[in-house]
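Starting from the known structure of chain A, fit chain B onto it as the hints suggest.
For reference, the chains in residue letters:
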Amino acid sequence: MIKHKMRAAGPVLVAGTGERCLSALNSRQFLTEDGAVSAQREILVKEASLYIHWPYCLKRCSYCNFNKYIPKGDNNHIVSQCLQQEVATLLQLSQVSRVTSVFLGGGTPSLAHPSTVSDILEAVSRQSLQNDDLSRLGRDHSAHHALQTVEEARRLRPGKVSVDVMFGRPGQSLASWEAELSELLQLCDDHVSLYQLTPERGTLLFKQIRGGEVTLPGDHVMAEMYESARRTLQRHGFEQYEVSNFARNSEVSHHNMSYWKGRQYIGVGPGAHGRFVPLGLGGAHREARTQTLEPDVWIREVRRHGHGTRRRIQLGHLALLEEVLVMGLRMTEGITHKHWQLFSPQLGLRDIFGSSADVQEFFHRGQLTLDDGGLHCSRDGLALLDSMLPTLLLELERQQTVESAKS
Amino acid sequence: MHSPLKSVNSISQNPLRVLRQQDVSAREVLVRGCFRTVIMIASVVQRWCGTPLPRCILLFKIYRKKTPNYCMSYSMLRRCWMNKLPVLSNNFKMQLLNLTTQIDKQEVIDLSKFPVERIRNFCIIAHIDHGKSTLADRLLEMTGAIAKTDKNKQVLDKLQVERERGITVKAQTASLFYTHRGQQHLLNLIDTPGHVDFSYEVSRSIAACQGVLLIVDANQGIQAQTVANFYLAFEAQLTIIPVINKIDLKNADPERVESQIEKVFDIPREDSLRISAKIGTNVEKVLQAVVERIPPPAAIVHDPFKALVFDSNFDHYRGVVANVAVFAGHVKKGDKIVSAHLGKAYEVSELGLLRPEEHPTQKLFAGQVGYLVAGMKDVKEAQIGDTLYLQDQPVEALPGFKPAKAMVFAGMYPVDQSEYPGLRSAIERLTLNDSSVTVQRDSSLALGAGWRLGFLGLLHMEVFNQRLEQEYNASVIITAPTVPYKAVLSSAKVIKEHGREEITVVNPAQFPDRSVVSKYLEPMVVGTILAPDTYTGKIMTLCLNRRGIQNNMVYVDDHRVMMKYLFPLNEIVVDFYDLLKSLSSGYASFDYENAGYQAADLIKMDILLNGRPVEELTIIVHRARAYSTGKAVCERLKDSIPRQMFEIAVQAAIGSQIIARETIKAYRKNVLAKCYGGDITRKMKLLKKQAEGKKKMRRIGNVEVPKDVFINVLKRKNK
Chain A
0 MIKHKMRAAG PVLVAGTGER CLSALNSRQF LTEDGAVSAQ REILVKEASL
50 YIHWPYCLKR CSYCNFNKYI PKGDNNHIVS QCLQQEVATL LQLSQVSRVT
100 SVFLGGGTPS LAHPSTVSDI LEAVSRQSLQ NDDLSRLGRD HSAHHALQTV
150 EEARRLRPGK VSVDVMFGRP GQSLASWEAE LSELLQLCDD HVSLYQLTPE
200 RGTLLFKQIR GGEVTLPGDH VMAEMYESAR RTLQRHGFEQ YEVSNFARNS
250 EVSHHNMSYW KGRQYIGVGP GAHGRFVPLG LGGAHREART QTLEPDVWIR
300 EVRRHGHGTR RRIQLGHLAL LEEVLVMGLR MTEGITHKHW QLFSPQLGLR
350 DIFGSSADVQ EFFHRGQLTL DDGGLHCSRD GLALLDSMLP TLLLELERQQ
400 TVESAKS
Chain B
0 MHSPLKSVNS ISQNPLRVLR QQDVSAREVL VRGCFRTVIM IASVVQRWCG
50 TPLPRCILLF KIYRKKTPNY CMSYSMLRRC WMNKLPVLSN NFKMQLLNLT
100 TQIDKQEVID LSKFPVERIR NFCIIAHIDH GKSTLADRLL EMTGAIAKTD
150 KNKQVLDKLQ VERERGITVK AQTASLFYTH RGQQHLLNLI DTPGHVDFSY
200 EVSRSIAACQ GVLLIVDANQ GIQAQTVANF YLAFEAQLTI IPVINKIDLK
250 NADPERVESQ IEKVFDIPRE DSLRISAKIG TNVEKVLQAV VERIPPPAAI
300 VHDPFKALVF DSNFDHYRGV VANVAVFAGH VKKGDKIVSA HLGKAYEVSE
350 LGLLRPEEHP TQKLFAGQVG YLVAGMKDVK EAQIGDTLYL QDQPVEALPG
400 FKPAKAMVFA GMYPVDQSEY PGLRSAIERL TLNDSSVTVQ RDSSLALGAG
450 WRLGFLGLLH MEVFNQRLEQ EYNASVIITA PTVPYKAVLS SAKVIKEHGR
500 EEITVVNPAQ FPDRSVVSKY LEPMVVGTIL APDTYTGKIM TLCLNRRGIQ
550 NNMVYVDDHR VMMKYLFPLN EIVVDFYDLL KSLSSGYASF DYENAGYQAA
600 DLIKMDILLN GRPVEELTII VHRARAYSTG KAVCERLKDS IPRQMFEIAV
650 QAAIGSQIIA RETIKAYRKN VLAKCYGGDI TRKMKLLKKQ AEGKKKMRRI
700 GNVEVPKDVF INVLKRKNK
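Going down the list, the protein sequences come from chains A and B. So that you can map any letter, position 299 of the first sequence is 298 in numbering that gives the first Met the number 0, and since no number is skipped, the others follow by simple counting. So that you can map any letter, position 313 of the second sequence is 312 in numbering that gives the first Met the number 0, and since no number is skipped, the others follow by simple counting.
These are computed hints drawn from the structure, not numbers from a lab. Check each hint, because a few of them may be wrong.
[What the hints assert, rightly or not] In the DSS-like style, the derived pairs of lysine-lysine whose C-alpha atoms are separated by at most 27 Å in a straight line are:
#1 A/Lys405 to B/Lys687
#2 A/Lys260 to B/Lys682
#3 A/Lys206 to B/Lys688
#4 B/Lys693 to A/Lys405
#5 A/Lys206 to B/Lys673
#6 B/Lys495 to B/Lys404
#7 A/Lys206 to B/Lys684
#8 A/Lys260 to B/Lys687
#9 B/Lys362 to B/Lys343
#10 B/Lys682 to A/Lys206
#11 B/Lys694 to B/Lys682
#12 B/Lys688 to A/Lys260
#13 B/Lys664 to B/Lys630
#14 B/Lys673 to A/Lys260
#15 B/Lys404 to A/Lys337
#16 A/Lys337 to B/Lys682
#17 A/Lys337 to B/Lys673
#18 B/Lys404 to A/Lys159
#19 A/Lys58 to B/Lys673
Just chain A, same shape as in the assembly (with noise of 0.2 Å):
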């Protein structure tokens, strides 16, 4: 039983936090608001976290519609290679001067040799990395050896070893789910995620699934297990952070907590995506960017150019609001006005949602808050985020094209 529930828990994230990069934005507190804000605004294109893809994996698992691949032969050492020289690359691009954190993914990163790591951050490190967060993902296979793994990582890293479960599995009752849960906290550290099991398009499931060979449960009981989750885990003292992610002890994640916050991140390797303003090139726009998917070719362009950016897309000002309004709104603390300011200098969030009614019925309801604190989303409401963004955006880009008809 074991085996399977872990097996479905899936990638056991071993994960390291820090705090030094907090402390770098407290010490700026003394100075006046504006001042703040524009400073911090400042260092948001100075600074940005790193996502290096790893793209191989032993073998497919069905539920997993990442950017993986089977390898034909060993070519760890020029993948390895080739990540450094992108990180290099795109550093250089970026004008970062300072790497919030590295977060190794894949694939199965455990797959690479443990020297691939340690390449990659010298080269991190010779450029920009202050040593602040640094994380490591790994993925096994066997249940037992997961095990063994967490042990391991929290002997190593005490407090800073994440857990990834998931619920929603095929043939998966509420009580077996309940169950399971309660005994895989007893061997969690300090940080959980919890994901419901979504069958993407192109996997074996979900071929599956609409084959009829497969059914997952109902929309109800996904719902149910959702909810005991989250009451399971904070009686066990862990506090829901975000729609998936929990911590205890306020170990949370500052590297996934920089997406939400619409910080800047560099994707590197095949497929990994990015969000930075190309500084280097004379950018002065984030760009969404997207490297090559396939690691032959991939492999080819970092040796031609440096590095394997397929697509660059320029992200005018409402694309980029839209994208820290759906990032901020997953977390449990939302968005706090002074981070919108940073954004939005001209446009607050009661400016926007103040004085719609598709979004007065929200507040009503109990599903969302506007107050000193910010724009978010109450217990019920986070649940049931997706129905209420869509109304959400549709009122940031109607007051957005009312102010820049202004101007």
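Okay, now just chain B, sitting in the frame of chain A:
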């Protein structure tokens, strides 16, 4: 394209090369004389029984068919057929000289050389797929109108929809030259749509004809449309020549079909021709029968010009091209003609025969059928059924036609509102050539601006839609069809408002309240169903469920039954035919004709979402069917309205009384589980799409209903 100029030149140098060879025989003169007599003294039936066959057949025109007693009058006639026919057919066999002279297309035809006696106007009527168009192809080939190749398939069916569905929608005309007993005849084949939906087209064609070929499949036998078409011809008192087609098929049973024809139509079996249009067997006999049995038109050459407009087409370069049957006198290029309907004068710029392509000639004479271009710019100027005459020789107008009455209404909307202007012009162009479609502007809160179109029947509606899609590349949403109800008003005030006591209601929103109405009326039809008797039980159950009342039931042969039911039209417009087909494994055929209005207990049913009525879903329904209809609509809505953040009650209500309810449960969880760096782009794209979709949603109170839902609920289900 023919060059009119070239024709003009060649006429003077090349006069009458073909036609000169033939003389008008003494016999023709005799027939001609008799013909006139027949027209004048139509009642002397008995005397004609002794005359040779062509005149005997004329008698067919004489008795009047009225539904209740037609059998009686017909059997009297039939006896005289029976007496004469065998002898005569033998005579014919001996006399057959049977020379088909083919006229080269390039040659100029002098129509003045065709006296009325040597003209036959006929059409072919049949159930779908019984081989009407194939026979037309053969007739065209044999008379040299088209070259004989394997490629001649449904030559007269020019529209894509006609070829795909194997049906004829738009009547076409082809003039054929056929030599019979040394005499060249002009045979005008007016192709007609097979379906009674197009009976408007059929009756227009029939008005220009004196006889019909009634085609019946030798394997399938009489089908519902065969019956319906027979009555149309029968009522018009045309000579009917039964033709049993497809005798080459393995399962062909022409004898059985002959006896069906005898039993159902009371036409002696000896009169039926057995042919295979596909391989050409006995097709020559069809042409002979056309000449021998069908009377020439009642036209008078020496009277002033008078012609019936029986069809019209619109040509972007020349304007209206009118198809005319000349009843008297002649018309030529340059003549000033007048439309009796509008009183407007035009100059004839082009005229000629249809073979089936346009073949310009100098003149058209009495008894002939052809086309005419006279600078009419709007198809409304060539009103079908209108009479044309010479400006300086006014005549009394022909009776004309009853305008086609739309019996099935449906909303039509562009899939995207930006396509509205394109769709509008497509509908305008299509209705130019199909004046039987009524068009009324309409708008729906859910579907935007559109039209409410009236059609003659369901097939008509489908064909119209298909033509829009195929010929004009327009994609449209068609709502489920409704029928025109009537209400007899009782309140003096309301009567005054409407200006009359009885009003027709097409849009449920305008359905008057019971308090101001003395009674409601619904349109009725007589449905004819033919099916193997093994399905009788199931069919009767279906009909009963649809409020059908059986009028009669006849075995047409040992195991095929013909049933006639009186139905409310509303009960058969949506899915009746589909159900009938599926419960009879496809063996049942169905057709219907309108049968006036009957009083009915009609009510207006509202559909509510969280207590608010949805205007576009209001339905007029018979009280007996209210619950099942309401429940069905609620279920469909439940399945297609996406769940929202709150519970939605879907209800069907009559006044304040709720008769059906479904509940759409609220979402309890709707949030993406994983959203990190790589997921953002995809998530944003999806959300933006949803936000865009929201703009197009219809709000009923706080419930957001996507357009698709209305389409799903309102749309006619695909077959």
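Outcome of the hint check:
no.: 1; hint: A/Lys405 to B/Lys687; result: 24 Å, holds
no.: 2; hint: A/Lys260 to B/Lys682; result: 16 Å, holds
no.: 3; hint: A/Lys206 to B/Lys688; result: 24 Å, holds
no.: 4; hint: B/Lys693 to A/Lys405; result: 26 Å, holds
no.: 5; hint: A/Lys206 to B/Lys673; result: 21 Å, holds
no.: 6; hint: B/Lys495 to B/Lys404; result: 26 Å, holds
no.: 7; hint: A/Lys206 to B/Lys684; result: 23 Å, holds
no.: 8; hint: A/Lys260 to B/Lys687; result: 20 Å, holds
no.: 9; hint: B/Lys362 to B/Lys343; result: 21 Å, holds
no.: 10; hint: B/Lys682 to A/Lys206; result: 21 Å, holds
no.: 11; hint: B/Lys694 to B/Lys682; result: 19 Å, holds
no.: 12; hint: B/Lys688 to A/Lys260; result: 23 Å, holds
no.: 13; hint: B/Lys664 to B/Lys630; result: 18 Å, holds
no.: 14; hint: B/Lys673 to A/Lys260; result: 15 Å, holds
no.: 15; hint: B/Lys404 to A/Lys337; result: 70 Å, violated
no.: 16; hint: A/Lys337 to B/Lys682; result: 25 Å, holds
no.: 17; hint: A/Lys337 to B/Lys673; result: 26 Å, holds
no.: 18; hint: B/Lys404 to A/Lys159; result: 81 Å, violated
no.: 19; hint: A/Lys58 to B/Lys673; result: 22 Å, holds
Going down the numbered hints, you'll see the structure goes against 15, 18, while the others check out.
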